[in-house]
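Asker: In case you want the letters, here they are:
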Amino acid sequence: MKQPALKVTTPSERELVMTREFAAPRGMVFDALTKPELVRRWLLGPPGWTMPVCDIDLRVGGKYRYVWRNADGREMGMGGTFKEMVRPSRLVATESYDDHWTGGETLVTTELVETRGTTTVSTTVRYATREARDAAIKMGATKGLEASYVRLDELLTA
Amino acid sequence: MKPTSYALDATFAALADPTRRAILARLATGEASVAELAEPFAMSQPAISKHLKVLERAGLISRGREAQRRPRRLEPRPLADATDWIERYRRIWEGNYKRLDAVLQELKDKQRRTVDALVDEGKPRPKKKRRTR
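Protein sequence lines, in the order shown, are assigned to chains A and B. Under this note's numbering, the first residue of the first sequence is numbered 1, with each subsequent residue one higher. Under this note's numbering, the first residue of the second sequence is numbered 159, with each subsequent residue one higher.
Source of the hints: derived by calculation from the structure; they are not laboratory data. Do not rely on the hints blindly, as some may be mistaken.
[To be verified] Non-contacting residues of chain A with respect to chain B, defined by C-beta distances greater than 12 angstroms in every case (computed):
| id | residue |
| --- | --- |
| 1 | 20 |
| 2 | 57 |
| 3 | 109 |
[To be verified] Listed below are the simulated DSSO-like cross-link pairs for lysine-lysine, each with C-alpha atoms no more than 27 angstroms apart in a straight line:
| id | chain 1 | residue 1 | chain 2 | residue 2 |
| --- | --- | --- | --- | --- |
| 4 | A | 83 | A | 7 |
| 5 | A | 35 | A | 63 |
| 6 | A | 7 | A | 35 |
| 7 | A | 35 | B | 266 |
| 8 | B | 281 | B | 268 |
| 9 | B | 266 | B | 281 |
| 10 | A | 7 | B | 281 |
| 11 | A | 35 | B | 268 |
| 12 | A | 83 | A | 63 |
[Stated by the list, open to error] Per label pair, the in silico range of CB-to-CB distance:
| id | chain 1 | residue 1 | chain 2 | residue 2 | range |
| --- | --- | --- | --- | --- | --- |
| 13 | B | 280 | A | 63 | 55 to 61 angstroms |
| 14 | A | 23 | B | 272 | 35 to 41 angstroms |
| 15 | A | 4 | B | 198 | 50 to 56 angstroms |
| 16 | B | 187 | A | 27 | 31 to 37 angstroms |
| 17 | A | 65 | B | 197 | 53 to 59 angstroms |
| 18 | A | 57 | B | 275 | 46 to 52 angstroms |
| 19 | A | 98 | B | 275 | 52 to 58 angstroms |
Think of the CB as a built atom: it goes at the ideal place given N, C-alpha and C, for glycine as much as any other residue.
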């Protein structure tokens, strides 16, 4: 099975946009992005991490809280507040990481567009400050990414 | 050397402008003077110089030694640092989204099974033979 391409662009100095197609109707994709029992199965980042905490209060003003843990017991947490929630087309939420909290929040806008059963998800990440960008770079720099492909292939073919 | 976030900021700020991206694309084909760079744009040389200053501060271009022309040339390193970072980000999300594909496939299968079960329920059931006493 061929994986749809993930496009990553930087339209401005503080923004990063990711776009990806999914072979499922919009409502289903929205559920997978917002229901804790589904989110904790895929939002794991580099290999070796699990998601013991995934609380989502899906309403405007509601909060969400994610905590990841690796095999060594190291934890990484983040959370934020939903600013907009239009099921199944749009979600706007703030985002800040525990370790790198700097007083500047990242704003994440997720938009879902469905065409003939395929849903295009575009996520705009807008960093508030240089420090917030730092946190993103540190997370992005986590080692051992290549190994994830093997694990993911196993998961898909299982 | 790891790029500092400050350097990345300068790089992304410099790349945010379409004129500056066009200048970089032009310099990717070889060095050029300010006059040569200004030519394809409907812009004055001072306006172009301003853009060049931003690119220079971000370390994306440098000046040649030739006294008269002072040709600008592309410095590939900071651009590579910026794309490295995007590449790392992309890989993490490729992993996440590949798992999301699997979750969605499972949801679709489950939905199909539910629909099939409902359709089956609507069908007349095969009559069981009644045992006669």
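Asker: Within 35 to 41 angstroms or not, the Cβ separation of residue 23/A and residue 272/B?
Answerer: violated, 19 angstroms
Asker: Given the hinted pair residue 7/A and residue 281/B, is their alpha-carbon gap at most 27 angstroms?
Answerer: violated, 46 angstroms
Asker: Okay, residue 98/A versus residue 275/B on CB: inside 52 to 58 angstroms?
Answerer: violated, 44 angstroms
Asker: Holds or violated: residue 281/B with residue 268/B, Cα cutoff 27 angstroms?
Answerer: Distance ~20 angstroms between residue 281/B and residue 268/B Cα, so the pair holds.
Asker: Has the given pair, residue 7/A with residue 35/A, been kept, meaning a C-alpha gap of at most 27 angstroms?
Answerer: holds, 25 angstroms
Asker: Does the structure keep residue 83/A and residue 7/A at a Cα separation of 27 angstroms or less?
Answerer: Satisfied, since the Cα-Cα distance of roughly 25 angstroms is no more than 27 angstroms.
Asker: Regarding residue 280/B and residue 63/A, is the given constraint of 55 to 61 angstroms on their beta-carbon distance met?
Answerer: Violated - the Cβ-Cβ distance for residue 280/B and residue 63/A, about 43 angstroms, lies outside 55 to 61 angstroms.
Asker: Please verify that the nearest CB of chain B lies beyond 12 angstroms from residue 109/A's CB.
Answerer: holds, 15 angstroms
Asker: Would you mind confirming whether the straight-line C-alpha gap from residue 35/A to residue 63/A stays at or under 27 angstroms?
Answerer: Holds - the C-alpha atoms of residue 63/A and residue 35/A are around 13 angstroms apart, at most 27 angstroms.
Asker: Take a quick look at whether residue 35/A and residue 268/B sit within 27 angstroms of each other, Cα to Cα.
Answerer: holds, 16 angstroms
Asker: Taking 31 to 37 angstroms as the stated bounds, is the beta-carbon spacing between residue 187/B and residue 27/A within them?
Answerer: violated, 48 angstroms
Asker: Can you confirm whether the C-alpha distance between residue 83/A and residue 63/A stays at or below 27 angstroms?
Answerer: Roughly 10 angstroms between the alpha carbons, so the hint for residue 83/A and residue 63/A holds.
Of the hints listed earlier, those the structure fails to meet are numbers 1, 10, 13, 14, 15, 16, 18, 19, in rising order.
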